Amino acid sequence: MSAVSSSPVIERGTATSRIAAVAVAIIIALLAVAPQFLSAGAVDRMTALFIYAILAAMWNALAGFGGLVSVGQQVFFGLGAYFAIRLADAGLNPFAALFVSAVVVGAVSWPLSLFMLRLRNGEFAIGMWVIAALTHLLVNLDRLVQGETGTSLISLNVYHAGTRRVTIYWLALASMTALLAVLFGLLRGSTGAAIRAIRDNEDAAASVGVRVTGTKRLLFVLAAFGIGVAGALWLATSITFQPKTYFNVQWTAYMIFMVLVGGIGTFEGAILGALVFFLIETWFGGTGVWYLVGLGATAVLFSLFLPRGLWGTIEERFGLRLLPVGYRVRLPEHPATPLNDEAPSPERTTQHQEKA
Amino acid sequence: MTHPQQQAVLTAAGIHKRFGALVVLDAVDFTMEADEAVGIVGPNGAGKTTLLSVLSGAFPPSSGTVRFKGGDVTALPATRRCRLGLVRTHQVPKPFGGMTTFENVFVAASHGAGLGRDEAYEEALGSLKLCGMLGVANRRAETLGLLDRKRLELARALAARPTLLLLDEIGGGLTDGEAGELVDTIKELRRRKIGIVWIEHIVHVLLQVAERLICMDAGKIIADGEPQAVMADPQVIHAYLGGGPK
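Quick note, the sequences are listed as chains A and B, same order.
Numbering-wise (this note's numbering), the first sequence opens with residue 53 and increments by one.
Numbering-wise (this note's numbering), the second sequence opens with residue 7 and increments by one.
Chain B with its partners taken away, still in its complex shape (with noise of 0.2 Å):
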């Protein structure tokens, strides 16, 4: 199932990252193809948000390399990764709080996807009506609950037209109502052919969606396969509840 030789989109080897003494990924490898859902999960401080920004490129890992569509990019910026089309949300949103939440969408589309003005407007408007904030279109994003910052992370990344979707806990705190209209917006993506990694505490909101689990704990993945049977492993129960017999 999981040896994509030849159509990995993104591949991470050797990764390590210490913060200072910390060490938070040791020796991370991952690998996955260009149409393919990953779900990882693990207790907190596992290193998953972690793994996220080296493969966002939101800083550079101490160790090993990250590539990309083929390319080395483990020297490249945020900026440069976006644009090539490796796009990632953020765990606390992040959003441009002075500016609407349309114009927050516009600048991805504008400079992630680098779109012309009117193209952009229209992928802008797309991703807004996709995750159903097209009635906020013309709020000062500064004003907008946690739900919508959360929906605004997606529709931002979106709008940069990734061909790869890195997703940090978007589900994070939704009612079930929410949660459902959460997995019909990432099915849609998922026919568009884009490629998802998500993070999600929520686990049954993410096996909906995820083809493939990853397990981290303690900055290792513990468990890499398909999803049942990766929440069957005893190392990934005990990485969960603790205690027990290993």
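Just chain A, same shape as in the assembly (with noise of 0.2 Å):
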């Protein structure tokens, strides 16, 4: 091993990266102090910009890092929501319900992936939106639910609201930071490497040594239980409970959304493309019909210019990565090969022709 003084190094972060984790712990400390100085509605609103961070990163983790495309993700948004309202009665503390709920969400989704997942691309897709509508459906019956009409987590109603407010945007926070922190470290290890494989060739992983279908599995109950956390934590903002509300595709077209905007297939556009969707939505949701025209209006015209998105955009232009999951690969400075990553081939080629 001595005597290759100058072996390649393997990279797992950038400078840049580096001061990105510093600034993501005080961005998230900042908003653990932040209700101190919102007002009521502002806390509101932030609460929900963390549960559309969750969906987005979801989405994008079983879509754009799994290459599992899913148009029936509010299945699991509603049934976190669902089940939150039955544990609720059944005399569970609210607060400790959204989390069983979720758990329950994430327990629901396993045998369900035994049959899902033999469904490819399309059919998947498609698949997933049969199974929310039949969900919706089956909760309908519950006499709890009372139909359409819907119920409430009543049971939320005995905490003073000053304090619910900022309880839930408390475990909002928690919660978002949690489940991001877990994706990060699931997408950056082996693991990752595994799920993005899958993505680009699914024969070509199995034939490399990747379990892939327990490998998609994993992240599809994940993804399960992060959107069934979402589900009960807008259920504990808003009390109401309406099935058609929750089990509304509109969620998942949210979720495509943020990810097509942020950038499919990079952890940090996920993030970036919640926070973009909270903007449009705060600045004009309340123009009703136009503000959904603009919405699928932008959709449009990012697929169709920015197919990156514009986290993909900014990292392909200027290299920047702040939350990177990939390696790479440092070559030992060695003048007579020189081996810029960044255009190899031409570079290679001009020195060949000035020998020449």
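Don't take each hint at face value.
Here chain A is said to cover these stretches of chain B; the calculated rule only asks that three of the stretch's residues, wherever they fall, bring their Cβ under 8 Å from a Cβ of chain A [unchecked claim]:
no.: 1; region: 82-89
no.: 2; region: 107-113
no.: 3; region: 121-127
no.: 4; region: 155-169
Mimicking SDA-like on lysine to any residue, the simulated pairs with C-alpha atoms at most 25 Å apart in a straight line are [stated by the list, open to error]:
no.: 5; chain 1: B; residue 1: K135; chain 2: A; residue 2: R380
no.: 6; chain 1: B; residue 1: K226; chain 2: B; residue 2: N50
no.: 7; chain 1: B; residue 1: K193; chain 2: B; residue 2: R146
no.: 8; chain 1: B; residue 1: K75; chain 2: A; residue 2: V264
no.: 9; chain 1: B; residue 1: K193; chain 2: A; residue 2: S59
no.: 10; chain 1: B; residue 1: K193; chain 2: B; residue 2: Q234
Distance windows between CB atoms, simulated [claimed, not checked]:
no.: 11; chain 1: A; residue 1: E63; chain 2: B; residue 2: F25; range: 45 to 51 Å
no.: 12; chain 1: A; residue 1: T68; chain 2: B; residue 2: T149; range: 20 to 26 Å
no.: 13; chain 1: B; residue 1: A27; chain 2: A; residue 2: E200; range: 49 to 55 Å
Just so you know, the hints here were simulated from the structure itself, not pulled from any lab data.
Nothing here was measured: the structure is a model prediction, and the numbers come from that model.
C-beta atoms are modelled at their ideal positions from N, C-alpha and C, and glycine is treated no differently.
Two independent chains are provided; combine them into the complex using the hints.
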């Protein structure tokens, strides 16, 4: 080994990404104390932002990293809320119910994955939508829910409105932080490399030893759990539960919007997309139908002109990576063989031409 | 020469493969030793790639059994066979397009060879170096040209630490110089005691490595043995050139 003093080195982060990690910690700390300085309305809005970030990150992990494009993720959002209602009705503390509910959602998604993951591409996408519609109908049958009339998480009302608001804000912030951290750890590890390999070519992944079905299942269940947390938190902020609101396909449409605009397949992109969506909603959400027209138009424009989304484009243009999950090989400096990874072929060709 | 009853690492017996009415493999028997380099030749549509797919576990045979390292692996999927040391490359390269060259190979080292992080780094870098791909380590695989994609197939399979490597036309379309480099790489694998099954149309390249040659035609093995003898076999000549006295 000592003979090869100049062996290549694997880099996981960059100088920028190390600064970004510190910045993320500072931002989270600031967000944790923010309720003291924010109005009640602003606290509610920020809670919504955290929930959007969870939704975007989960759909991005599933579709952008794992290649599992689903248009039925609202099923887990709705179930997250529904199981929370059920658990609270059975006497569980409503705040505890939010998270136990998400665990139940994760547990339900496991048997679901047994047959859904046999479907590929479009079949999987539409199949998930069918599952969502079917689940919506089943939930409507529950007497407690009273069909489309819905019900409420009444047990939350015992808490003072102010306490409740801030508690939900903190729970949402903590959930977002924890879920994003788990996701980042997973995608950055060797399982993350397997997930991306499956996305790019399932057969080839199997041929080099990747456990295709098990890995997909892990991702599917994790995304279901995360979206279940988001659904339960949404219930906590709005109190009322009407099945058609929660099992609405618009939730998945929002997830897709956030991920496409932010940059599919990049960790930063989903977070950026959630922020963009949040701002659009904050500024234009009151304009009714034109707001939806605007959202649709934005999505179309992005897919036409910036198919890699905001962050994908930034990453490509400036080589900026704040939360990188990939691997870079740094080759030892060697004047005889200039190996510049940014543009290897043209440079090397030029060198050859100069020699010739 | 070819009676490896005891050391046979890979045995396929009575392999049939049908796609609907089409019989692609017709009662194929194939046996090889752990430290052997077997070349497979034959006209297009002879069933070579299908045989490789059945051996590697990409799909099961319609009937017949495959044994590897003494165990019946007929029902094992490709993932498990890879982890046992039976690894293939693809005739039409199947890179992980959205990942870098290094990441492609790292996946194999990490999952196929089951190595921990640092060992997997080393294995991946070693494979890339052996296949002359360090210079494109950070390129997204979808930006690679065909030659590099073929090299990547080999590098990726190697990183899974095979005991037996199944190569499917990795030399197609290479210049003489490039083919020479490829032969050097394969010879290095032979020095590492990796068994090779190599399907290749460019016979003179294949013969630099193969110690034994198999010729397939219409789903059957029509000749098996010492390479020069197989190439001189009238049935082989007939299969390749067609017409003439059979």
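Q: Compare the structure with the hints numbered earlier in the document and write down the numbers of the violated ones, lowest to highest.
A: 7
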